[in-house]
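Number of protein chains: 2
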Amino acid sequence: MSAFDIRAMAHAAREASRVLAGATGEIKNVALCAMADGLLESRERILSANAEDMAAAKTEVHPPAFLDRLTLSVPRLEVMALGLRQIAELPDPVGEISGMWRRPNGLTIGRMQVPLGVIGIIYESRPNVTADAAGLCLKSGNAVVLRGGREALRTNQAIAGVLAASVTSAGLPEASLAVVPTPDRSVVKEMLGLQGLIDLIIPRGGEELIRAVREGSRIPVIAHDKGLCHTYVDASADLGMATEIAFNAKVERPGVCNAMETLLIHADVAPIFLPGVVARLNEAGVQIRGCPKTRAIVPGVQPATGKDWDTEYLDLVLSIRVVDSLEEALAHIARHGSGLAEAIVTSDHGRAMRFLREVDAGAVFVNASTRFTDGYEFGMGAEMGISTQKLHARGPMGLSELTCRKFIVLGEGQVRDSRT
Amino acid sequence: MSAFDIRAMAHAAREASRVLAGATGEIKNVALCAMADGLLESRERILSANAEDMAAAKTEVHPPAFLDRLTLSVPRLEVMALGLRQIAELPDPVGEISGMWRRPNGLTIGRMQVPLGVIGIIYESRPNVTADAAGLCLKSGNAVVLRGGREALRTNQAIAGVLAASVTSAGLPEASLAVVPTPDRSVVKEMLGLQGLIDLIIPRGGEELIRAVREGSRIPVIAHDKGLCHTYVDASADLGMATEIAFNAKVERPGVCNAMETLLIHADVAPIFLPGVVARLNEAGVQIRGCPKTRAIVPGVQPATGKDWDTEYLDLVLSIRVVDSLEEALAHIARHGSGLAEAIVTSDHGRAMRFLREVDAGAVFVNASTRFTDGYEFGMGAEMGISTQKLHARGPMGLSELTCRKFIVLGEGQVRDSRT
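One line per chain: the protein sequences are P and W, in this order. So in the working numbering, the last one in the first sequence is 911, and the numbering has no gaps at all. So in the working numbering, the last one in the second sequence is 911, and the numbering has no gaps at all.
In short, the hints are calculated from the structure, not lab data. Remember, it's a predicted structure, so these values are computed and weren't measured experimentally. Watch out, some of these pointers could steer you wrong.
The list that follows gives simulated cross-link-like pairs (lysine-lysine, DSS-like), each with its CA atoms no further than 30 Å apart [stated by the list, open to error]: (1) W:Lys680 <-> P:Lys717; (2) P:Lys680 <-> W:Lys680; (3) P:Lys717 <-> P:Lys798; (4) W:Lys717 <-> W:Lys798; (5) W:Lys717 <-> W:Lys680; (6) P:Lys549 <-> P:Lys680; (7) W:Lys549 <-> W:Lys680; (8) P:Lys680 <-> W:Lys717; (9) P:Lys784 <-> P:Lys717.
My request is simple: use the sequences and hints to build the entire structure.
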């Protein structure tokens, strides 16, 4: 047991969650705008806490990208505030009743969308997650317990302090959001055991963090594992379109989860398609690793090893494999895909439909780049991440995925007959 | 490691699940009818396996109810076969696309309902679960690995053998369903670690089984914890209706999860409501345990202890508490309810709506008995159980809850702009 009482924090969040569940969309939006205002009004307090975190981080060994993610500035605070205002503009997911049906005995039954209750977020050093996650949880009527990285602790506490105070100005409980105020790892372990107080854990960060949370949690976890995305160029593909899509999926932003890692090409079009696309990718600095057939068509390509098909490069590296059929492409994806996003380029309707039906992934694309896998791009607004699992939330997780649906039943005195 | 290779069985199920995911509703229905026919045609083989299980069980100490649940007969096989035919008649949940929207860039985005993949069911001695679960999983396009109780092992193997053979007659893979052929407990432990091969574990049985599965599983679990259901009689209730609903919820079938365990009554109506309802419940053999206010109104009622409010009696026992307000009722339910089903009896619209919105349970009733909490009663057909958890499936779990929804995106060559 650590000196800090995570159970008491979760318990206060649980009490707050009952108030949040009953709050109208209007009140929640007032709170979100107050949170945005608070971030800007308290910018000095937040930036000075951030400066302390930065000073401490610089005494340790961290890669420059890490320090960049940790850094706050007035423009970054403005982006966070804007994000909160955008969440306010989204429709309230709570209370929606989607279709009610009437039973022969007159009972009227439907499902009502309601908050989950208390959400725990465990994340790494980006302090903007604190505001984003707090905003999404509040809008969906959930209380949230945030546990950020130790390097951002002062920044996160400052942000959460400002946000919680803003929330109370709208009449909502201060315990609607809270940051765990200690870097003690044993607190995370305790937190993951608070089933009954916390309803859902969302880890956001690297593979190691997610693995540790998954293994340690007694509470359901929704996570984003990794993105090993394929693009399959069918024999009937428009090859110009296929080149643009493959290039975009690999090159536009290679370090993200929805970038392509493996290109699959039907053998019929490989000889005319591959030389051009490889040349274009090489020009953009992409290193290619190919199967023997690829290497026979484009001499000089490095050989792909078995490990390549399972590697999320997150870099300007691409593995290419020539396949003899749609079936072979589907089997390759079933075996090596991570279930995030997969694409086919084809002009054949039947093969497009088959790919859509049979590929087991959160998002399946026909004739478009996997890079679109994103809550904003899908038109759903801000997202809490992209789930690579199947239960509850699959693909980009928006406000709706932070709620659940309960049955509501309206009667006029109906009782159940023993014979039914 | 046991001699039996559960990983190989799950792997075969995974392969089969890819075929099932692509099977049409028509083929699945042919398979379900063949399964029903098979059960009746092979009744001698199944009943003789069951006789062996019964003979072995009788050499051990088991309560009569246990032996009754284990026993098969021709009428019981007929009920199982009928259940499979009823599943065939339900609409195919797979492939439904619920609304597609078009983005400004022309991408058309929607969600398609698809199978989960492989479902693992861990259950106790009722052999009818073998056929029910196999039917529901097949119809929803999932392969299933069944692990029943050791006392029913021969029966379950015989049933699964017949069902798997029937499935092949419809052209679907034999590995679509399989029973773990050993009572070895270490196999369950291995099975719960097969994440990546099994997508969902559903335990069906007593509290102990469910707790053990939850704690041991690396795979997501959906379970039915317990049912501690309340009925709240509001100050504005039609008291005749309230009496009928309370009587039905407690007495009609007290041993099931959706029966009422605690009656809450508003203080304004308690003096006129309680004497009559207690007399009627007493007549039906119900033992009452009351709060001090209840006992002041109805002398002779036993006192309720703190433990009573948290006890699922599953018997002709009822705890009664008088509350001063709807708020107090809501707080009692929030603290003691198990999240299965809760009811209010009221003629006040505002309080009905507030109860519907704020009570955190799988099914919330206005003016009806909690006993209706059931897939058939809700008009959704056969159910896999009732989930008391919030993620993915809440309340009665039908075919739809055995599927998930993936995003599908139709494009015409769209690529993502770096600036978006």
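Worksheet item: Does the structure keep lysine 549 (chain W) and lysine 680 (chain W) at a Cα separation of 30 Å or less?
Response: holds, 28 Å
Worksheet item: Holds or violated: lysine 717 (chain W) with lysine 680 (chain W), Cα cutoff 30 Å?
Response: holds, 23 Å
Discussion item. Checking one constraint from the list: CA of lysine 784 (chain P) to CA of lysine 717 (chain P), max 30 Å. Satisfied?
Written reply: holds, 28 Å
Worksheet entry | Straight-line alpha-carbon gap lysine 680 (chain W) to lysine 717 (chain P), limit 30 Å | holds, 26 Å
Worksheet item: Has the given pair, lysine 549 (chain P) with lysine 680 (chain P), been kept, meaning a C-alpha gap of at most 30 Å?
Response: With a Cα-Cα distance of about 28 Å, the restraint between lysine 549 (chain P) and lysine 680 (chain P) holds, given a limit of 30 Å.
Worksheet item: Given the hinted pair lysine 680 (chain P) and lysine 680 (chain W), is their alpha-carbon gap at most 30 Å?
Response: holds, 23 Å
Fill in: Given hint lysine 717 (chain W) paired with lysine 680 (chain P) - CA-CA distance at most 30 Å
Roughly 26 Å separates the two Cα atoms, so the pair holds.
Discussion item. What's the verdict on lysine 717 (chain P) and lysine 798 (chain P), does the C-alpha distance respect the 30 Å limit or exceed it?
Written reply: Distance of about 16 Å is within 30 Å: holds.
Worksheet item: Does the structure keep lysine 717 (chain W) and lysine 798 (chain W) at a Cα separation of 30 Å or less?
Response: Distance ~16 Å between lysine 717 (chain W) and lysine 798 (chain W) Cα, so the pair holds.
In summary, this structure violates none of the numbered hints.
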